Every structure is written in C-alpha cells, then in structure tokens.
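Asks: Top line first, the protein sequences correspond to chains A and B. Reading the first sequence from the start, the letters are residues 0 to 323 in numbering that gives the first Met the number 0. Reading the second sequence from the start, the letters are residues 0 to 338 in numbering that gives the first Met the number 0.
It is worth saying that the hints were derived from the structure and are not from the lab. This one's a predicted model, so the numbers in the text were calculated from it and none came from an experiment. Certain hints may be false.
To be verified - Straight-line C-alpha distance at most 30 Å; calculated DSSO-like pairs for lysine-lysine:
1. Lys121(A) with Lys116(B)
2. Lys327(B) with Lys121(A)
3. Lys121(A) with Lys218(B)
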Amino acid sequence: METNTSQVPVTVLTGFLGAGKTTLLNRILTEQHGRRYAVIVNEFGEQGIDNDLVVDADEEVFEMNNGCICCTVRGDLIRILGGLMKRADQLDAIIVETTGLADPAPVAQTFFVDQDVADRTKLDAIVTVADAVHLSTQLGEHHEAEEQIAFADVVLLNKIDLVDKSKLAGVKDRIRKINPYTKIIETNRCAAPLEEILGLNAFSLDRVLEVEPDFLDSDHDHEHDDDVTSVSFVSDTPLDLEKFEKWFGNLLQTHGQNILRSKGILDFKNEKDRYVFQGVHMLMDASPMGPWPEKSIRNSRVVFIGRKLETMNLKEGFESCKSD
Amino acid sequence: MNNESVIKSRFEENGKVFETGAPVTGAVSIENAVAVGFGDGSIRFFWPDNDPLEVQAHSGAILSIASSNDGVITGGQDGRFLKISTNAEVEEIYNFGTRWVDNVAAYESMVLCSSGKNVYIWSDENDKPKILEHQSTIGGIAIDQNGRRIAVSCYGGVTLWRLEKNKWKSSKFAWKGSHGKVGFSPDGKYLVTTMQENELHAWRIRDKASFAMSGYPSKVKSFTWAGDNPYLVTAGAKEAICWPFDGKEGPKGRKPLCIASGGQQNATFVESLPGEKAVFAGFRNGMVLLSELSEHPNDVLIQNPTGSEVSNISISPDRSHILVGDSKGQILWSPLWEQ
C-alpha cells in the first residue's frame with residue numbers, strides 16, 4: 000500500500016463479549032486529549048455516549064464479484080469510511096468495533112480491495128481484547144476466538160487480576176502458539192496507555208522488519224484439525240525469485256482460505272534489496288524495502304498462521320525455493 | 000503544478016471562486032438557486048444575481064440533498080433529516096440519533112430518506128412515516144418521473160416499489176454484488192446502478208433483462224442522462240463514457256461514445272447541459288471539460304486542474320450559471336454564456 004500522509008489510520012477492535020471492549024471504547028471516547036477519534040460501533044447507542052463521532056453500523060460482509068471466493072469485504076465500512084472522509088474536520092484516527100463473533104478477515108481485506116478506502120485510510124492494527132479468565136475455554140469452543148487471536152497485532156489480555164500466575168502463563172502460551180507475532184499487553188480494566196493501542200502502523204510493511212516473532216519449537220500437542228496454529232521457516236541460502244513467486248502464488252490460490260495471515264522477509268539471489276510481504280488469506284501486499292543493512296545477517300524468514308497448515312507441505316515448498 | 004502560467008478559461012475569468020474549506024458533498028436546484036451541501040454540515044444557496052447565503056444545518060457532513068416542493072431536504076451524519084427553505088428556515092423532519100441518513104429524495108409533497116436498511120416515506124402531511132424494509136443497508140434511492148415508483152438499491156440488487164391502491168408493492172431486480180447509486184432512465188423503462196466493482200448494472204424493467212456496463216479503470220461514482228436518445232453518461236474512466244439507450248435493446252452489444260477526452264485522470268463527476276447535446280465532465284485532478292455528444296466532439300475547458308477531485312457540477316435552473324465544487328471545498332460559480 001502506498002504511504003500517504005493524509006491517510007487516516009484505522010484500528011480494528013475485536014474481542015468476545017464481556018472481554019472489556021466497551022470499557023476500552025469508553026476510554027478512547029473520553030480520553031481524547033485533543034485528538035479526534037471516530038468510532039464505528041455495533042448497537043452502541045444505548046450506552047449513552049453523546050458524541051457525534053460515534054457511528055452506528057451493521058456488520059455487512061459481502062463477496063466481491065472478482066472470482067476470489069475468500070474475498071469478502073465489509074460493505075458498511077466502505078460506505079462509512081467514505082462518508083467520514085467527506086467531513087470538513089481532519090480525524091486523527093478511526094476505531095472499528097467488531098462483534099465477538101466476527102471474522103476479522105473481511106475487515107482487513109476491505110483495505111486491500113477498495114481503492115477509495117486505501118487512498119484515504121490505512122489499516123493501522125487489529126487489536127483483540129481477550130479475557131484472561133475465559134479465553135482458554137472460548138478458544139476451544141469458537142472458531143472466531145482463534146481467528147481473532149490469529150489476526151491480532153496486539154492482544155490486550157484483560158482481567159489478569161482474576162487469574163493466578165500459572166494460569167496466566169498458560170493463556171499466554173496458548174496465544175503465542177496461535178500467533179507468535181502478536182504483542183501481548185497484560186491489563187486490568189483495559190488500563191493500557193492508548194498509545195500502545197492506537198497509531199501502531201502494524202500493517203505497514205516496514206513493521207514486518209521490526210517485529211521478531213518468537214520462533215517456537217513446533218509442539219503439536221492437543222491439536223485437532225481445526226486448531227489455528229503457526230509455523231515459521233528460516234533459510235540462510237538465498238531464494239530464487241521465480242521459484243518463490245510460483246510456489247507462493249499457487250499456495251495462496253489453493254490454500255488461501257486456510258492461511259489467515261502470512262508475513263515474511265525474503266533474501267533473493269542476485270537482488271540487493273530485502274523483500275517484505277504480508278498477506279490476509281489470498282490477498283497480499285509485497286515490495287522491496289531497500290538494501291539489507293550492512294551488519295545484518297541476510298536470510299529469509301516466513302511465518303504462516305492458519306488452519307491445516309500441516310497439509311500444505313509448507314516446509315518442502317519453502318525449501319524448494321532455495322537457489323541452486 | 001509547475002510554474003508555467005496557467006491560461007484561465009473564460010469561465011474562470013468571468014466567474015467567482017469561493018474557498019469554503021469543506022468538501023462539497025452534493026448539490027441540487029431549487030427555485031432559481033443552486034443549493035450546495037458541504038462536509039461541515041452547512042448549505043449554501045447560490046443565485047445568479049445575489050451573494051450566496053450560508054445556512055448551518057447539520058453537525059458532521061451532509062450525505063444527501065434533494066429538492067422538494069417547499070425547500071431543500073438533506074440527510075446528515077448527525078442522524079437528522081432536515082428541510083431548509085431558501086430563506087434559511089430549518090425544519091427537522093426526523094432525527095435518527097446515531098444512525099446516518101444516507102439518502103434523501105422527494106416528489107411534490109412526498110419526501111423520503113433512507114437510514115440503515117429502511118426507507119421512510121412522509122406524504123400528505125402525515126406525521127408518521129411509512130417504512131419500507133430491506134435486507135441490507137441501502138446504497139441509493141430514486142423516484143420515477145411520475146412519483147409512482149421508488150427504486151432502492153442495496154446488496155444483491157434493486158427493490159422496485161410501486162404505489163398501487165395506496166399500498167407500496169415490491170418487486171426485486173436481482174444481481175449479485177453491492178449496488179450504490181440508482182436511477183431511472185428518463186423514459187422510465189430502465190433501472191441503472193453503480194456497483195462496488197468498477198462497473199454499472201442495468202435492468203429493462205418490463206422483463207427484468209439485465210446487463211453490465213464494464214471496463215472502467217475505477218469505481219463509477221456518477222452518472223447522468225443526456226441527449227434525446229438518450230445516452231447514459233458515466234464517470235469512472237479517463238473520458239466520459241456514454242452508453243446509447245435507444246432502440247429495443249439499449250446499449251447491449253453496442254459500443255459507447257467516449258467524449259471529453261482531455262482529462263488525463265479519471266472522471267469523478269458528470270452532468271448534462273439541459274436542452275443541448277452536451278456533457279460536463281469533472282476529473283480527479285479538478286479539471287472540468289464541456290464536450291459534445293458526438294463521434295468527434297469538440298471540448299471546451301471550463302476549469303483548469305485544482306488538485307482536488309471534482310465532486311459536483313450543477314447548472315442553475317435558468318441555465319445562466321454553472322457551479323463546480325470539489326472535495327477540498329473550492330466552488331467556481333460562473334456565467335455559462337458570453338455576456
């Protein structure tokens with residue numbers, strides 16, 4: 000996505016009912032500190048917040064007619080973000096609340112698919128509010144809970160005063176197993192500073208370079224087919240650009256529905272620049288990000304977060320992209 | 000822009016420029032004025048002979064504007080549906096709270112608006128609105144030339160409502176995808192919508208035969224009708240694309256006329272010149288051209304590039320003046336003819 004200073008950052012706020020999203024929204028609306036935030040909510044009206052920047056919306060997910068089956072977008076967001084851009088006053092940020100049962104993918108995909116949205120706004124980060132007491136149960140019971148963790152750039156792990164140390168460590172492990180890239184902030188009553196939640200620029204390709212995931216040992220205990228997991232690979236041998244494009248393109252075409260997020264930094268043979276990519280399902284954003292810094296180790300690193308990753312021969316595929 | 004001195008058009012020489020600071024979101028003719036809605040919630044009336052009159056109406060942007068029997072009606076981001084007279088009286092028809100009023104329309108004494116998935120109709124001094132429900136949030140509404148039919152677009156197509164024995168009866172014109180703006184052809188025989196994809200969709204109402212008009216490099220944000228054929232004139236490409244709607248099959252299998260070709264960027268707004276076979280096209284860079292509806296059109300420069308997208312072009316009801324508004328709030332108000 001093009002960098003444009005006039006793009007308003009959009010934070011997507013997800014999380015199950017009762018996790019503390021409303022507490023956080025109330026804080027964002029009351030602690031504006033001279034900033035102007037618009038908040039797009041679902042059925043928030045009865046909360047009694049008198050603010051002309053609270054917009055009620057129905058979550059409307061629809062398919063694009065572009066032949067891509069997982070290319071669903073949020074129609075209401077296209078309409079409302081377009082409407083907010085008609086305002087005379089400049090907004091500092093827009094926050095989109097999604098209901099607990101929502102799949103975050105259509106929200107993220109809206110920013111890839113709609114040109115008007117991409118011109119004027121940019122997806123800043125997906126922030127998931129999770130309840131330290133109930134998250135483990137919710138992860139077992141609802142697909143959506145796993146997806147919300149899988150997509151999260153930040154997990155606000157709330158209500159930590161209600162769990163003991165070992166349970167907290169267990170919940171954090173579970174989150175890390177689904178999404179090694181996410182930043183976990185432990186809070187009570189969502190009391191984290193707003194600057195750790197808003198304006199993160201997490202979807203910018205530069206950020207892929209900054210955040211080092213914890214590369215976990217692949218530990219596949221207690222998993223069944225539908226669990227969301229992550230895998231990562233590193234190669235010190237430079238990759239072949241053509242082979243990679245062919246493998247990766249084909250991979251997203253055939254398995255895009257099960258790959259929730261993908262990210263990577265790539266070292267191609269005979270290329271001076273680092274290549275960085277990140278994707279949501281079948282949609283991907285990639286570009287060269289300048290030469291490798293002099294003292295850094297040149298290598299390629301990729302991470303996939305999704306379901307049934309073990310069926311995709313990811314390791315073999317990635318290995319086959321190595322240059323001769 | 001570079002330092003070359005720009006040669007002003009006759010319209011820029013003779014007209015007045017207003018910097019309002021708020022995006023122009025829509026405009027409509029009322030009595031002998033053009034009423035313009037802005038992104039700061041204000042309305043300005045432009046008259047051929049007087050200074051403009053500003054009325055502060057909504058907080059937040061005005062999303063839609065139409066003219067009714069006795070004033071302009073507007074829908075805003077503040078959830079209010081208002082009627083504003085040309086002497087600046089503001090009357091609230093309804094308040095929807097935190098829900099936006101996305102679309103408004105009027106026919107004689109009937110006024111309607113959409114908010115969320117519903118259309119609300121007020122007619123004959125009735126205080127309580129009639130509500131028409133739809134399956135998803137409404138993209139656009141239009142009333143036909145006789146005030147007997149209302150077209151409502153949303154996800155999955157258009158619902159056409161007919162007034163029969165004082166009851167609104169619906170029939171569905173389906174096409175997968177999200178539909179935005181909707182309109183009737185001047186003869187009332189066709190329905191046209193803009194789509195989320197870079198195309199338009201049309202139905203012949205008689206038999207629901209439908210077809211797409213595609214090939215655009217960007218979303219089609221504006222269309223209008225021009226000439227006797229008539230032509231459906233559309234924005235979304237580097238030229239104004241004009242589809243012929245004469246004959247039994249309309250534009251099916253025929254090539255459109257491409258006029259106003261000097262714009263360099265995609266057109267964002269089109270308007271016809273009433274009574275003439277001519278079309279105004281406004282572009283993403285602020286340029287506005289007047290072009291003839293013909294195979295080899297002559298183009299006339301109305302406005303040089305301003306750097307901001309043209310969001311409205313309107314002709315005063317007496318055809319004496321043109322108004323051009325853009326997304327940064329610049330207005331050009333100029334005599335249309337040599338004085």
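Asks: So, for every hint listed, does it hold in this structure?
Replies: Going down the list of hints, with the structure as the test:
1. A C-alpha spacing of about 27 Å is found between Lys121(A) and Lys116(B), which places the hinted pair at or below 30 Å, so the restraint holds.
2. Distance check on the hinted pair: Lys327(B) and Lys121(A) sit about 20 Å apart at the alpha-carbon level, within 30 Å; holds.
3. Straight-line distance between C-alpha atoms of Lys121(A) and Lys218(B) comes to about 19 Å, which keeps the hinted pair within the 30 Å bound.
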